[in-house]
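*Asks:* This is what each chain is made of:
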Amino acid sequence: MDVKTKHAPSFRYVGKPIKRGEAVDKVKGQWVYGTDLVLPGMLYAKALRSPYPHARIVSVDVSRAWRLAGIRVAITGKDVDYLFGSAIRDEPFIARDKVCYAGEPVAAVAAMSEEIAREAIDLIDVEYEELPCVFDPLEAMKDGAPLVHEKLGSYAAESTFTTYPGTNICNHTKIRRGDVERGFSEADEVYEDVYTTQYVQHCPLETHVGIAQIASDGAVTMWSNSQAPYNFVRDMGNALDLPYNMIRIISTGIGGGFGSKIYLRPEPLAVALAKFADGKPVKHAFTREEEFTSCVTKHPTHLTFKTGVKRDGTLVARKITAIFNTGGYADTGPQVARNGAFSGTGPYRLDNIWVDSYCVYTNNPQAGAFRGYGVPQLTWAHESQMDDIAYRLGIDPVEIRMRNLFELGDTTCTGEVLRTSVGAKETLRRAVEVSDFGKPLAPSGNPKIARGRGLATMHKLTYTPTTSTAIIKMHQDGTINILSSTLEMGQGIYTALRQIVAERLELPLEHIRISPPDTDYTPYDQTTSGSRSVFHMGNALMLASGHLIDQLRELGCQQLDCLIDEAEYREGAVWRKNTNEFLSACDIITGHFGPRGSTIQGQGTFTPPGAKVPDKENGQSPKVSAFWMYATHVADVEVDIETGQVTVLRVVAAHDAGRIINPDGAEAQIEGGVVQGLGATLHEEMIVKDGIILNPTFAEYKIPATMDVPEIIPVFVETEHDEGPYGAKGLGEPVLAPISPAVANAVFDAVGVRIPSLPITPGKVLCALEENRRTGGSMKEGA
Amino acid sequence: MTQSISITVNGEALTLDIADNWTLFHLVKDTLGLIGTKDGCRQGVCGSCTVLIDGVPIRSCMALAVRCDGKSVTTIEGLRVNGELHPLQQAFIDAGAVQCGYCTPGILLTMAAYLEENPTPTEDEVREALIGNLCRCTGYARIIRAVMKASAA
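Sequence lines, in order, name chains B and V.
The numbering of the first sequence is the numbering used here, which starts it at 5 and goes up by one.
The numbering of the second sequence is the numbering used here, which starts it at 5 and goes up by one.
Okay, chain B solo, but in the shape it has when bound (with noise of 0.2 Å):
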C-alpha cells in the first residue's frame, strides 16, 4: 500500500476553509502594491532599450537628455560598473560593451516625473554596430556559433553548475544511473520522439517595480513587489560588493508573481541611477510591454525523449536530451534547466537513465523562473511520450502507467530513494473515478466535432536545500506577531501559516498576525516560491513555536513553584499538570518582567534533514527535494475537424499536496493554476522573430479570459509526509504541469493525431489532421 492515512486529530485550523484575511483591504482598494508606492522628493526612472539582439555599442551619449528641465540624472552602462546574476553573474546594470537580447538598457534617466523621463530617453543618442546573431538554442551548441558571452568562466558562478566557457552552454546537468544501453538492447521496443515548448509570459496583472534608495554610507534600501527578498540581499551586495547588513529590502503588495519577481529585473538600473540622485529614491516601473522585451519569460525547450519498453509497457532505459533556450543571460536559467531534468523521467521506475539537460545562451528574451520551474516542460514530454507508447503497444493509458508509477520504496532518477508521501498512484486512481475516465464521453451530436479524453500524471520536486527562519513574539497580552520573510502574492501562503501557528500554540486564529516583510527587521526566507513555503516555513514556525512554549514553561514553572516537567502549555497558559493552577501568558510575562511586560520570542530554523546538491557527474543525490508533489489530471475536450479548434470541456485535477491546510484556498490554486495552465496549452506564445517579441502587448499576447475557462473539479489525496507541518507538502507549481500534456492526450483520443509542440494551435491540429489524411494515418472516427 502506497498511501498513508494516519489517525486523523481533530484540527481546530487546520483542514478548514478559512477566509483569507487580506481580502478586506484588496476589495476595498486598500492594499498597497509596489506600483502604487510614491515616497518623498521620488524620482522617475525609464530605460532606454536596445532595439538590436546582439550589437556592439560603439557610442552612448545623453547630452541631449540632459537639456529637459526635471531631468535628474542621465546614465549610461560606463557610469555603473557592475554585474549581477542568481547563478550565473553575467548581467549589466546597463550594458557596456554590448548588448545581448533586444530589449537590454544600454542608458537610463531619472526625472521629476515619468512624462519627462520618457520624453528625455527620446533624446539619447546611441551608435550600434550589428553583431552576428543566434537564436536556435541548436544551433547555438554547434562548434563554430556566435558567442554570446566571449566571457563565460570569467564569471562569478555557482560552484554547482558545469559551465563551458567558448561555448553558449552556461549549465549541463547530467543524470546516470544505471545502464542505459544495455537497457535499451534490453528492451523489446525503443522509441525516440521530440517534443518542444514555446515561450509563454507570466503577465503578473502588476508589472515588475523597484524603487531604490541610497543613503550617504552607501546603505541601499529598496521597495520591491519582489517574491524572495533576502535574494535580493545577496544578489544586490555580491553585485555592489556591499556587506549583506547593507542592503534592506521593504517589500510592497505583490500583484501576482509566477515565478518571475524572484530575482533582481527593473531593480538594478533603480539602483544604478539611485547612486546618482543625492539621496532620492528612484522608482522603476516596468511598462507592460517591458515586461514581454525585458524581464523574464518561461524557457522553450527541445526536449529529445528515448524510451525503452517491455512489450507489457514496462519502462526499462529512459535517454533524454533537454536544451533549454535561456537569451541573452542566464538569471536562474541553470537552475531551471537542472530542476527540470530531476524530474525528466517522470514518476515512473526506471533503472537505467541517461540525462543531458543544457542551458544555452542565445540572443533572445531572457528566460528564467516560471510556475514549475522546469518541470511543466519535462512533464509535457513524458506524458505525452507515455500516451504515445501506450496507443503504439496497444496498451491503456491508465494501465501503463500503474505499471511504472512510484510507490514507497521506489528509487528515483536521481537516487533518493522515497520513504514518506507518495500518491502517484492515488491520484491516478482518483482522477480516473472522479472523471468517470474508462467510460466514453457522451457524442457531440455534430459529425465536425469529435470529442476525446487525456490524462497525465506527474511529480515535481522543490528546489532544495533551502531554509526558512520565523520568530515568533508574543506580547504581553498573548497576541502574536509572526516575523518572517514569506511573501503573500495571492496564493494565501498569510492564512495558512497563521493556520499553523494557532494550531500550534492552540490559540484563536484573531490573535495571529502576521509582519510584512522587511529584511532589516523579519529574519531569512530563501524565496516564496517552488510550492515550498507551507513545508518550510510551515516547519519553521512550528520550530519557533515550540521555542515559544519552552521559555513560557521555563517562566511559568518559576512562578507556580513546580518543576519544569510538571508545567504544561495549553491554550495560551501554562498549567501545572493534573491540577486547576495555571497562569495565562500574560501573567508570565507579568510576573516575569513587571507591569510594564516585554515580549516573549520563539525562533526556528528548518533546513530540510538529509538533503544534499546532487553529484555534478552522475546526478545522484541521498536526498535532491525536501518532498515530491504528484499530480494526476484527465481533461475533456472538443476538437473541431473543420477548424482545428480545441474546446477544453473539464478538467479533473487531482493532487497529492500531502495534507491540505486550507482547502478553500487549496482549490483555489487548482482553478487558478489550470487555468493559467491551459492559456499556455491553447493559445499564449510569445511571437519572437529574429529576436524581437512581435506581440508584447495583452491584445497580442491573450491571457484567458473568463470565455476561455472549462469546468474544473479539484480533488485532493492527503498522502501526510512524515516530515510536513502536520503532514503538509505543497501544491502552487505542480497544477501547471499536467495539464498541457492531458489535453494532448485528449486531441489524440478525439482526432487520433498527436501535437508534438505546445501550443495547440488550430492551424497545428489542421496540419496533422491533413497530414493524417494524406498519409492514410490513424485518424480516428468523428464523435
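Each hint should be verified, as a subset may be incorrect.
Stated by the list, open to error - With a Cα cut of at most 27 Å, we get these calculated DSS-like pairs of lysine-lysine: (1) V:75 <-> B:20; (2) B:178 <-> B:616; (3) B:146 <-> B:581; (4) V:153 <-> B:32; (5) B:32 <-> V:75; (6) B:768 <-> B:706; (7) B:693 <-> B:706; (8) B:82 <-> B:279; (9) V:153 <-> B:23; (10) B:82 <-> B:452; (11) B:768 <-> B:310; (12) B:146 <-> B:616.
The set of hints was computed from the structure by calculation and includes no laboratory data.
Here the structure of chain B is known, so what remains is to put chain V in place on it, guided by the hints.
*Replies:* Okay, now just chain V, sitting in the frame of chain B:
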C-alpha cells in the same frame, strides 16, 4: 496647457486645474491619491484601471481627464455605501474570489455597474459581461460564483 474642470469624485464635488493631456487614471491615482485604481497595461485591454463615469465602466487609462468635466466618477474607494461593504465586495471575500487582488477593484466596479443594469443575470451573462477584465490568479470560477451570489442577495 491646463484647464479647470468640475468633477464629482466618490460623491465629493471638486474643481481642479489639470493638464489637458492627463488621463483620468493619472488624475484619480497620482493627483487625488486614490490608489485602489490599478494599472495593468495602460492600453485599455486588461480592465484593472476601470472606474465608473456616471455609472458606466470606463478604462481610466484611456480616458482624458478633461473630458470628465461635469461628470461623476466612482472609484473602488467610493463603492462602499455609508462605510459598509458593497454586497459584491462581501461576496468576493466570502467566495474566495480574491487572490493577488490587483484585478479586483476593476472587476468589482465593472460588475457593480452591470448588476445595476441586470440584477439577476445568468452565469453565462456574467462571463460575457466580464470578458474585458483579465485575472491571472483565480481562473475566474470563484469570481463568477461571487457575482452570482451577490446578485441573488
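*Asks:* Each hint should be assessed against the structure and marked as holding or not.
*Replies:* Hint by hint, here is what the structure shows:
1. V:75 <-> B:20: Violated: residue 75 (chain V) and residue 20 (chain B) sit about 47 Å apart, past 27 Å.
2. B:178 <-> B:616: This hinted pair holds, its Cα atoms lying about 16 Å apart.
3. B:146 <-> B:581: Status violated; Cα separation ~73 Å.
4. V:153 <-> B:32: holds, 19 Å
5. B:32 <-> V:75: Roughly 23 Å separates the two Cα atoms, so the pair holds.
6. B:768 <-> B:706: holds, 18 Å
7. B:693 <-> B:706: holds, 18 Å
8. B:82 <-> B:279: holds, 13 Å
9. V:153 <-> B:23: holds, 16 Å
10. B:82 <-> B:452: Outside the cut-off at roughly 62 Å; violated.
11. B:768 <-> B:310: Holds. Residue 768 (chain B) to residue 310 (chain B) sits at ~24 Å (cutoff 27 Å).
12. B:146 <-> B:616: violated, 33 Å
When each numbered hint is compared with the structure, violations occur for hints 1, 3, 10, 12.
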